[in-house]
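*Asks:* Start from the sequences and build out the full structure, keeping to the hints where you can.
Those protein sequences? They're chains A and B, same order as listed.
Numbering-wise, the first sequence is residues 1 to 620 according to UniProt numbering.
Numbering-wise, the second sequence is residues 1 to 620 according to UniProt numbering.
No lab work stands behind these hints: they were computed from the structure.
Be aware that a few hints might be false.
Since the list gives no way to pick out one identical chain from another, each pair is judged satisfied if it fits inside one copy or across any two copies.
Here are the computed lysine-lysine pairs in the BS3-like style, where the Cα-Cα straight-line distance is at most 30 Å [stated by the list, open to error]:
1. 491 - 272
2. 75 - 130
3. 137 - 446
For clarity, every value in this text was computed on a predicted model and none was experimentally measured.
2 protein chains.
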Amino acid sequence: MICQDQPAPSMVFDVVIVGAGPAGLMAAVWMAQLNIKTLVIEMKSCRTLTGHADGLESRTLEILDSFGLAGIIWKESNRTMEVCLWHHDSRGDLCRDSVSPNCNPGLSRFQEVTLGQGRIEERLLEFIDKSPNVQIKWKTSPQELLIHQDLVDLHREHAVELRLDTDSVVRTKYLIGCDGAHSWVRKQLGLSLEGKSAGNGDWGVLDCIPTTDFPDIRKRCIIKSQAGNVMIIPREDNLVRFYVQLPARCATRFRRDRRPSVLLSILGDALKPYYLVTSHVEWCTIYTVGQRLCRDFSVQDRVFLSGDAVHTHSPKAGQGMNVSMQDTYNLGWKLASVLRGVATSAILRTYQEERLPVAERLIRFDRRMCLGICSGSDHASADRENLADFRDETTGLEETLSEENTTASGLSVTYPPNLLVTATRIPPSQPDKHGVLYCSTPHLAKNIVIGRRLPDVLVLCQSNSQPWYLQERLPSTGQWHLLVFGGDISKASQLQRVEALARQLTRPNSILAPLCMPGATTTVGSVAVYLIHSASRFDVQLMNLPPIFRPYDDRRGREYRRVFADNEGFAPGCGMAYSLYGIAPEGCVVLLRPDQHCSLVVPLEDADTLERFFSLFVPV
Amino acid sequence: MICQDQPAPSMVFDVVIVGAGPAGLMAAVWMAQLNIKTLVIEMKSCRTLTGHADGLESRTLEILDSFGLAGIIWKESNRTMEVCLWHHDSRGDLCRDSVSPNCNPGLSRFQEVTLGQGRIEERLLEFIDKSPNVQIKWKTSPQELLIHQDLVDLHREHAVELRLDTDSVVRTKYLIGCDGAHSWVRKQLGLSLEGKSAGNGDWGVLDCIPTTDFPDIRKRCIIKSQAGNVMIIPREDNLVRFYVQLPARCATRFRRDRRPSVLLSILGDALKPYYLVTSHVEWCTIYTVGQRLCRDFSVQDRVFLSGDAVHTHSPKAGQGMNVSMQDTYNLGWKLASVLRGVATSAILRTYQEERLPVAERLIRFDRRMCLGICSGSDHASADRENLADFRDETTGLEETLSEENTTASGLSVTYPPNLLVTATRIPPSQPDKHGVLYCSTPHLAKNIVIGRRLPDVLVLCQSNSQPWYLQERLPSTGQWHLLVFGGDISKASQLQRVEALARQLTRPNSILAPLCMPGATTTVGSVAVYLIHSASRFDVQLMNLPPIFRPYDDRRGREYRRVFADNEGFAPGCGMAYSLYGIAPEGCVVLLRPDQHCSLVVPLEDADTLERFFSLFVPV
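*Replies:* Next comes the structure, spelled out in structure tokens:
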């Protein structure tokens, strides 16, 4: 079918992204990485320079690292090791109630850090700038959005039309609205945020370099004080972010003149008897706590919303930027897979299926966090009494903080069964009406959760014994990752099972064979096959293994980093993969999506199920 | 005194560096870092593109990291974990004799890696390019060198004159000849390399991407074969470097036509029954083994020689680039200190005193290495018999390789007592006629070797509990580092000793007080003071400690990273500093030079000795 009003080719894109904040730039990073013709438009004239978000969770750093972007961000950022709870007692003394870890050792090779949003955007922009396929237009706003209904089901067509304030018109296959809480895109779609936009009080935010004798100024602190509750977030270099609860009259005054002295005065009182002054205020603002959610993340699988456009909440848990970037990290490879013709457009509905529950959870979590911090001013236990009507939502503040470092840090986000995430095999191995394939055998890998990002382990490369975090070998290239846990392949019987699997994966006329071939024409949607065995690496010869585990390419030579041994050596923590993953000696096959989330776990013999899984969304 | 023939100001430099290889660029990195007006001239038109050196030892990576340069080099490089010895037996089978570690876990946070010299130069050039004070002139050769003898003792004068092939004349205070084995600078000074320039045979060098079934192609290998001995060095990406011993007729042929097929043919024979082919040869050359040394590293403390200009040897141990960069790393801060007026020119003689013994050791080591590798072709034990006349120099090849990973890796280079390295206190605490101060009390820190780089340990930052490798907090800024090991300062008596020391360091009219002041006008030559205590960090309040440990600066705020606790937490290996360094409970003071080498160890009470140490070279 031919679209009659085809605009000039230069104004036709595969993807248009509205908004160049963290969500929009993460989407653009995917498109740059996968060579998708993309336009980013942003109202502002340049990236964020000061202020705004500043918290990066470990999962976000893992994601950035999968594009090679974590190194410098990790180095520039501030690592927050501990969180301290303080309160002003009735005699006016400031007392430290507790010091607890603010990180999650063992869960990730990264941990929570803080760094100004602008410096993160800068790194993402540097990455995007290297791609000839992604262009950014600053100082550009959309004026009109039109979805051509006659084309909307034909995913090869540029069904979405956008008129810009420059009076030019662009056509695109997909549009992503990453334009913040007041999202223009969302409004055009007739959608709105549900929930209260206020109700938990006003908070001032202040970024400055303080001079103080408060002993925990370089730790994350929550201070309950009659003068106003305060949160302290140490930042990169010597910056500190303060959240200051504002009495109504101060909020009114501050809204009017935006003078940091208002915040500094309350802060000074809250920290007494310690002193705090500053000669350098970098940024300040005010916000009103509210948790709001849009329940529609996409419209007709053509227009998608992400980040603040679909969920707004307080900044207290440092979650916003993370969930926003993780939204588009979830979406990017799916769009690219459809655009490259390696997946049907049916996979696009998983965006809403997967990210809406995450947003709902975030909203609930933030409400608990706010109640814990905003409540009263004297002592946590008293607060909880006062909040009896919210009791179901008020676990203690300390538990909430601890949850932030584990489940809320993005590491345990678990996508529900859908077209791209199988369910546990209880009914026979068949898809249900939603396309969910019931096939996984989770007892084969007890600690790998279907739908969740694969936990990281250290393994030794068979070819050169170098220790690698397995995740470092699973970059975001749009490829799927098929991990064959072959067990002790120094035993002939086990090696034969692995060899039989390799034959199955490459048998003619299968869907998998071309996907697993090293010379696949496009990386996006292909399958990289890895072998992680538990034999001594000295009892295994790489060149005796099936060729699928040592792919060869005329230009770059052999890929030597697809076979790993779960052996001790050269780094503490090596040799624990099978036990950490809970993998039985008979081994198993684990399929990871391009975003490192687990799709299925099946026995080594079950290539048929793999085949069936892909057949549900790979065009024939 | 006024210099009469003062040339135009634009052609006057503090430092001129001849040669932009690794040695020259490391010197330029120092000058860029310390804002010294510098000219680098290089005959070639650009940096190295392919081939040449490729081995980086852990100490070199530590040095690069002290300028913030290790991260990307570490990431791009190939880590060589294991070294394998093979030989062709009498039946023509290729047998693996041994696999041993090729790294030194625990000795450094880095390990040996390989990366093409050009990519290392590229990173150094990027660093230098950011400085407005250092300029590089490519395609420029020196024509004439003149040391103005009437000015040579006046270190404020530009006593060195250099005429360039562009017919311009430059004047400089100091000249560094980093112009390689055929050094023009060395020849101008009438100096030569001593030693044999040949004698151990000819070797071909080949960088290529091989296709092979040889199982250890991604490990470092030494293969003894009748066809010719071979060394395999895996490199970045999929490159491999081969060293191939050439029979005389092949050497002649290869010298004539430089066709890699000559090398590939020998290589193919040496690896039989395994196959090896390549479709991509990146670089090849031939060299003749010889060990040569120039015993004069400087002339009149105005002209300095470094790198291949003073020591040439085989590339077999991957040492050359390391020792060359370490030469100028030793020299750079000394020149800058004299130029900034914070040290007398007397310190410049320590360059020769410190680096000549390193070069001598390198030459001896390389000779052992060559004998081990070049000898015979059948079997190591037989070779050693044949080399009876060299017996004193032929420890086994395996021991030599192991030595490379420990002592030869630069980590254990120990500078002898001199003006900047004290000797152990046996005579009274007085300098001898060479300016050596006998004052150190090494039993206070049993495992810190005077004259050697400080071993690295993990410590927790007092202000925020972040684990740091101590070395990461000792960057190359031209500053000295005074480490106060205060012991358990939660005990009043121990805290009082630390407070008394702080008073001594800041008493009026001392040499140390202005050096230790945070507002010192120049970083170069000043002293950063650190406290590493063994109390629980929860029993210590940063703000209760003497101000010298928490310096304040109006612009950047407080320096929170000068006090560390030797406590467990957040990373394996924390809490071991006192025991690893062998520091007694009473603590001690350790002074490190700007290059992290230890100058002295004295008791907490002995600020007088510190004062005396600096008084020997700090101008009053």
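*Asks:* Check each numbered hint against the structure and report the violated ones by number, ascending.
*Replies:* As far as the earlier hints go, only 3 is violated by this structure.
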